[in-house]
Amino acid sequence: MYNEKKNFFSKSETEKVNLLDLDYKAMQSFVLSIGGKNFTTKQIMKWIYNFYYNDFNLMSNLKKETRKKLHEKAYIYATNFSEEKISSDGTIKWITSINNQKIETVYIPEKKRSTLCISSQIGCFLNCKFCATGQQGFNRNLTVSEIISQIWQANKILKEKRKKCITNVVFMGMGEPLFNIKNVISSIKIILDKHGFSLSKRRVTLSTSGVVPALEKLRKVIDINLAISLHAPNNFIRDKIMPINKKYKIESFLKAVSKYLKCSSANRGGVTVEYVMLKNINDSNHNAFELAHLLKKIPSKINLIPWNFFKGANFICSTLNRINIFASILRKKGFNTTIRKNRGQDINAACGQLTGNVINKNIDNYI
24 MYNEKKNFFS
34 KSETEKVNLL
44 DLDYKAMQSF
54 VLSIGGKNFT
64 TKQIMKWIYN
74 FYYNDFNLMS
84 NLKKETRKKL
94 HEKAYIYATN
104 FSEEKISSDG
114 TIKWITSINN
124 QKIETVYIPE
134 KKRSTLCISS
144 QIGCFLNCKF
154 CATGQQGFNR
164 NLTVSEIISQ
174 IWQANKILKE
184 KRKKCITNVV
194 FMGMGEPLFN
204 IKNVISSIKI
214 ILDKHGFSLS
224 KRRVTLSTSG
234 VVPALEKLRK
244 VIDINLAISL
254 HAPNNFIRDK
264 IMPINKKYKI
274 ESFLKAVSKY
284 LKCSSANRGG
294 VTVEYVMLKN
304 INDSNHNAFE
314 LAHLLKKIPS
324 KINLIPWNFF
334 KGANFICSTL
344 NRINIFASIL
354 RKKGFNTTIR
364 KNRGQDINAA
374 CGQLTGNVIN
384 KNIDNYI
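Position one of the sequence shown corresponds to residue 24 (this note's numbering), numbered consecutively onward.
Simulated from the structure, these hints should not be mistaken for laboratory data. Be aware that one or more of the hints could be misleading.
Pairwise CB distance ranges (calculated) [stated by the list, open to error]:
1. K269 - I321: 14 to 24 Å
2. S281 - T361: 19 to 29 Å
3. K108 - K134: 58 to 68 Å
4. I382 - K108: 19 to 29 Å
5. R90 - E274: 54 to 64 Å
No experiment lies behind these values; they were computed from the predicted model shown. Note that the Cβ used here is the ideal one computed from N, Cα and C, for glycine as well.
Full structure from sequences and hints, please.
As C-alpha cells, then:
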C-alpha cells in the first residue's frame, strides 16, 4: 500500500499504489511514470470519481497497455462500510472497520442539500471532556484513501439506492483534522478538483479545535469553509473542558483564524463558531456577553449546540430556555446566531456522540 512518508517512485517493484491516495497532481506524476499521457490522468479520475469504478478492465477508453501497467503498479481500494444505522429522522451512520477498529461517518439529508460528516483519525487525542470521541483515545491518522473512501462509498450507495449524491462535506467526524493536515489537505484537493468529487470550496467545511501552527499552514495552501470548536468564552473555562487550550490559548487561536479569514473567499459570511451548551459551565448571561466581546472583531456565525449525552459523561445539557436566552443576547449584539437541530441522536450519530472502536496507543506526546 502507498506509504505517505515515501514518494511512490522509490518503492520496490512489488509494491502497488492505491490510486485513492493520490490527488490530481500526484496521480498525474504516477501516470507519467508508467508511460501514460496527461489526458490519461483525467480519464482514470473520471472512471473513479464519476462512475465509481475500481476495476481497470472496465475503463474502456484506456489503452490495453496502460491497463496492463496499472494492474502491475496500482489498485483502487475503498474501505467498505461494515455497518449501517438509520435514524428516525433520516440520518444514516455508516461504520468502517479498519484492523479491528471502527470509524464512523454520518450522512445528514436535507431538502436542498446532502451533507456527509467524515472522520480524519481513528479516535481523537484531544480529550475534550464533553465529547464521546475524545474519551475513546487515539490510535492513528487516517490515510488519504481512508478519508476519501468515506465519500466514495457514500456517494456510490446514495446514487444506486436514492439517486442522490453528496453536496456538502464537513470534517467534523472523529479526530482533529489539523493533526492530520498532510492527508487532510490531499483529501480536500480531491474533493474540490473538477476531476475528483468537484465540490465548491464553500461546500467543504473543516472544523478545528485550534491547532494554531497547522491552521497557519492551511491558510497558505487551501481555501475552504472554516469552523472553530470554541465552546468557551474565556481561557479559564476552556482549559477545563478542552485540554488543547493549555497549549494554544484562545487569543492565539483567534489571531490565526483572523489571518485565515483575510485570505479566504470561501468564508464570506465569516467563520462558523461552534459552541456546545453545558449547564452551569458556559451558558450564563455573563458568558454570552463574554463571547460577544471575544468575537467582536472577527466576522462570525455562531452555532449553539445542545450537548448530546453519552455514557459516563458528567455534563448536563443547558435547558432550551437557557439556550434561547443565550442566543438572544448574541443576536442583540449583532451576531448571526443559530441553534443546531441535532440529528441522529437515536443512533448516537449527533455532534459529540461518535465513538467507533479504538485500540489506544500512547498519546502523551501529542499535545
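| message | Checking each numbered hint in turn, tell me which of them this model violates, lowest number first. | response | 3
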